[in-house]
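Novice: Protein chains in written order, with our numbering: chain R, 1 to 325; chain L, 1 to 325; chain D, 1 to 325; chain G, 1 to 103; chain H, 1 to 103; chain W, 1 to 103.
If you're looking for bench data, these hints aren't it; they were derived computationally from the structure.
Model, not experiment: these values are computed from the prediction.
All C-beta atoms, glycine included, are put in the ideal place defined by N, C-alpha and C.
Heads up, a few of these hints could be off.
Stated by the list, open to error - From the structure, some residues in chain H lie toward chain G, with a derived Cβ separation under 7 Å:
| # | residue |
| --- | --- |
| 1 | Gly32 |
| 2 | Pro37 |
| 3 | Cys95 |
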Amino acid sequence: MNDILSLAADNLLSPIILSFVLGLAAALGRSDLMVPEAAAKAMSIYLLFAIGFKGGASVADHGLDAKLALAILAGVILSFGLPFIAFAMLRVMTGLSRTDAAAVAAHYGSISIVTFVTATSVLGGRGIEAEGYMVAVAAAMEAPAILSALWIMARGGSGKMEPGLLREILLNGSIVLLVGSFFIGGLTGAEGLAKIESFIVSPFQGVLCLFLLDMGLVAGRGLRGARSAGLGIGAIGFGVAMPVVGSLAGLALGMLIGLSTGGVALMMVLSASASYIAVPAAMRVALPEANPSVYLTLSLGVTFPFNLVVGIPLYVAVAQMMAGG
Amino acid sequence: MNDILSLAADNLLSPIILSFVLGLAAALGRSDLMVPEAAAKAMSIYLLFAIGFKGGASVADHGLDAKLALAILAGVILSFGLPFIAFAMLRVMTGLSRTDAAAVAAHYGSISIVTFVTATSVLGGRGIEAEGYMVAVAAAMEAPAILSALWIMARGGSGKMEPGLLREILLNGSIVLLVGSFFIGGLTGAEGLAKIESFIVSPFQGVLCLFLLDMGLVAGRGLRGARSAGLGIGAIGFGVAMPVVGSLAGLALGMLIGLSTGGVALMMVLSASASYIAVPAAMRVALPEANPSVYLTLSLGVTFPFNLVVGIPLYVAVAQMMAGG
Amino acid sequence: MNDILSLAADNLLSPIILSFVLGLAAALGRSDLMVPEAAAKAMSIYLLFAIGFKGGASVADHGLDAKLALAILAGVILSFGLPFIAFAMLRVMTGLSRTDAAAVAAHYGSISIVTFVTATSVLGGRGIEAEGYMVAVAAAMEAPAILSALWIMARGGSGKMEPGLLREILLNGSIVLLVGSFFIGGLTGAEGLAKIESFIVSPFQGVLCLFLLDMGLVAGRGLRGARSAGLGIGAIGFGVAMPVVGSLAGLALGMLIGLSTGGVALMMVLSASASYIAVPAAMRVALPEANPSVYLTLSLGVTFPFNLVVGIPLYVAVAQMMAGG
Amino acid sequence: MQTHTAKRVEIVIEAPLERRLTDALVKAGVTGFTILPVLGGSGRSGQWSREGQIGRASGMVAVICLIRPERLDDLLASAFEVVERHIGVVSITDCKVLRAERF
Amino acid sequence: MQTHTAKRVEIVIEAPLERRLTDALVKAGVTGFTILPVLGGSGRSGQWSREGQIGRASGMVAVICLIRPERLDDLLASAFEVVERHIGVVSITDCKVLRAERF
Amino acid sequence: MQTHTAKRVEIVIEAPLERRLTDALVKAGVTGFTILPVLGGSGRSGQWSREGQIGRASGMVAVICLIRPERLDDLLASAFEVVERHIGVVSITDCKVLRAERF
Ligand SMILES: Nc1ncnc2c1ncn2[C@@H]1O[C@H](COP(=O)(O)O)[C@@H](O)[C@H]1O
Ligand SMILES: Nc1ncnc2c1ncn2[C@@H]1O[C@H](COP(=O)(O)O)[C@@H](O)[C@H]1O
Ligand SMILES: Nc1ncnc2c1ncn2[C@@H]1O[C@H](COP(=O)(O)O)[C@@H](O)[C@H]1O
Ligand code: NA
Ligand code: NA
Ligand code: NA
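The following block holds chain R by itself, in its conformation from the complex (with noise of 0.2 Å):
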């Protein structure tokens, strides 16, 4: 216990939560600072290549570990399944619509990836070692929890797959950029990281830094609209109940397959944490009577800064106790 707080006050005084606390600070304050619209998406965009490049050059590092498939299929189960968990808990604890509520659980059986990279940052810090194929794990956990939402919905009636959909939710852009740079480090390995490691390692958390300030601004502004989207004391709960449950899948699953300790706190993290980028704009399209400042505000405003300044030095630390390390 002294263990996890201390881990969670070391994690609290990095740049990187600073930085997300300071856009949190300016957007409650109503200050006018803002980071370009481009900008914020060029930085996704290089953090995205850079996590699926390391990844891949991991892995052809350490030749490809037996498990990868198992890990995919661990994580393709937790974005099914965990949706099913979160709607039940959103009936019960929230007086959401069912079209509300289905669409909320979509957001947490996918997955958030400024989460991810931010935790194995944190890893990485610690000098806990991850497996590099957790990124393909990240990747394919984005879409199945959307199918599952439908799903729920088409059960009740409505929610259509429109012709299409299907496609774009798994093309959708950071899927792509994610597998196919975890592909081109694969295939490049050791050397084709070397070549642009002082563009995507050494810059890498100063960019996190930067990207987390933004972050904090948009999630500031999310919770200033919680008040308007009216969620109750059983919706905000939820965004922080949530994370934890899904974690402990992950940490379940994580154990069962054997990954080391940094793939269990990751495969947690992935878990806990919600999507606010892929699964908002399908939603648009598949879903479209649901409120959109509902599911926004609990994964942006509520969930993302739980996981980031609770949550992932809490799953770190379980995931030393139960796995070692």
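Place chains L, D, G, H and W with the ligands on chain R using the hints.
Specialist: Frame of chain R, contents of chains L, D, G, H and W with the ligands only:
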């Protein structure tokens, strides 16, 4: 004197200044070279974050200097006071209306953070140390000048303080980012700096080059607009004389409170520089009758290039003569 | 021959080319992956600035070569001359109208700076030196081809030289930036380079990866448009044959004036590459009746990928065979 | 200058629907339109702004169609099918155009 | 397709005033509007363009409101109060809208 | 609120022509206009979108002019000279403006 000239020549031949000159020449030659607005804003966020963070980390390193409060107080006094000097000079030297003169005056009490950043770069290149908290002084000097200008107008019966404007000015993006990253740097110290050094230290000068290229483009377009703004020789003269006057005020207060050579030089630079981001935006709200092309042309088209090319080496040399080093 | 193949395979497995292939695949698969326009422009400014600066610094380092003027003259001759060859080939190989053929021809006399940058990267990776002033040759080759195309049209009675167009072409952003940063690099030399090395040298290859990712996306969309542009097999054939023809012309002149192996390779690359920024914009003004999808598809969708994947290793190998090294 | 009567239809719609709308327009034979970016707005579903957007989830775009009056109903019908379940607005203005052969 | 008469008001105003304008609109009960970015322009105070802008000092935005005809005067009155001392223009066009219940 | 009759002219034109168009407008005495960015579009020369643009070759912009009715013909004549050989569209709408002295 010889020394000043050689310093100036040295300064002129740095990639930073030459990049600015390139932008200036391209704009005057009506090339279509342009830096996207989003990229320029992203670079200014980077520069503010880096300079604030490094300042904070340096304070964490050297311990909190008792002079910090004094230096900030001196900055606030300069920012409040310089607009009155500027206003008086403008009424004597130019035919500008009371409103235009007050608006211009506000710009010269406030500061240009890019001029400040360039000066720290020049100091760094010469191995002259400065107090890390000078970035806090810079932040403190942004806003007071606006109040002085409004007070000048209020005496004349116009220029009302719009509700919300004060909060807007104090929480303006660049102040929040500068102060925020100063705190982050102060809290995470040398350890935090080590983590993101290869992002905020190594590429800093290069980013500054590209940013000054854009500033050159903007200033060049401003100069081209100078004719249409109908600025006479008196106004241009003010744009050159005022920074020198300001720098002397900065020199006096900097020496009075016993800053280091580098600190005195930066105090001179802050006093000499004129705002072209925060103050123009505030003036559009508070003094809409003032002509923006007058104050933008003077600040960006005359004083900014003057400080960059002539002023900074001059102020540094004077600071060295007066404060030793 | 074996050598060429192994070089080509080597080239194919670099992160740079694979990033391009990823973008191409994403676009052909209709993924919504996209790089913001502002980020793409910012990256191209970075690349131009870096390549120009490094060229200038290298000239400052090695002293001014007497061949500089000859090399520029050769470039201008190639840029003027190649459009006539291209026009003749187009009239024979394709059914394009006179106007479309002239517009396409202009693109092939001019150059693609990204192809050039990639080639310098490949040369650097193989340890082959090239004259620093080749970037000046690149700049000199941008514009003359446009005049040739207008002259071809003028003989046919159309294609008027709009007032101001010539100035616009010569002062176009990429020429100004390339030449300007070449001068800055030349003036500040090794010392200037040292100051900004960790910005313009170390991360260069990584930025190039992301830029080529975007180029792949653009080229892929261009290829998808190829069908609707109704380009026949003849036109596609031209898009592959013309760069080879151009490279041979470049080879001849490069050897004639006695450039180094790297210099000959770059002269081949410049001659082989086709413009897709400066010339298309000029054509919209000067030859608005020409169909943009024809020339953009050929230049970006056919010739650019061909040069990147097949051309560059081929030209480098040939240059090595002919000029030694 | 010779001008011709036409209708100007302006549709403000969520960005993720853009392709669906333009596909529907093309299917209805409307091949001329212009798409403008939108910075922010306000409506029954609240106020939003592009700063504060990660991804394109809740951004919007404005699609402008100039069309011959007799083809207006087809356009509205096919646009409405896409817009119907979504937030956004449609407005129609009388206008004149040059070069009628283009519409 | 059933359409309803409405007014389309287009206000081009300096960016630093944007929030003040939308606040005034909301206070006047106008909760529907769309904000478009502006690249540049020209008027009595000269020509300007977004390239050449550091900060948002002299940039502009276009605010578009669709509104029931009977509420036009309220809107104009409240907008005018903000626009009055500033550069910028206001234009009003007759239009039709779908889904009248939204306005 | 006192309003005045005017015309709203909207010209969608290729970006490389922008300066030529505004120069022509200024020469014809039209000194008021606003330029909006365009994300993409479709017309007789096919569909295009800003993603997929390197350089500004085939991007477009929208130029909006509010003008007194009696000056419309001058404006159209001078605009048409630039637009004539190029892709793009011109539309004209009746409108009202505030502050007539500005036009
Ligand atoms: N009356 C209106 N005038 C102009 N734009 C509107 C209006 N109502 C809604 N919009 C636009 O349509 C979007 C969605 O509106 P709504 O469906 O009412 O939430 C808003 O964010 C605005 O951009
Ligand atoms: N007649 C007009 N038509 C369209 N936009 C205009 C007109 N006059 C002014 N504007 C816009 O309003 C801004 C300020 O105009 P002004 O107040 O006349 O300087 C200009 O930069 C244009 O963007
Ligand atoms: N009917 C139309 N309505 C709105 N915009 C159009 C229309 N036709 C063409 N445009 C715009 O003008 C551009 C060029 O059109 P075109 O000259 O027909 O290829 C298109 O890309 C659109 O942005
Ligand atoms: Na999850
Ligand atoms: Na000052
Ligand atoms: Na060529």
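Novice: Look at each hint and say if it fits the structure.
Specialist: Now for the hints, and whether the structure bears them out:
no.: 1; hint: Gly32; verdict: holds, 5 Å
no.: 2; hint: Pro37; verdict: holds, 5 Å
no.: 3; hint: Cys95; verdict: holds, 5 Å
Consistency note: the structure conflicts with none of the earlier hints.
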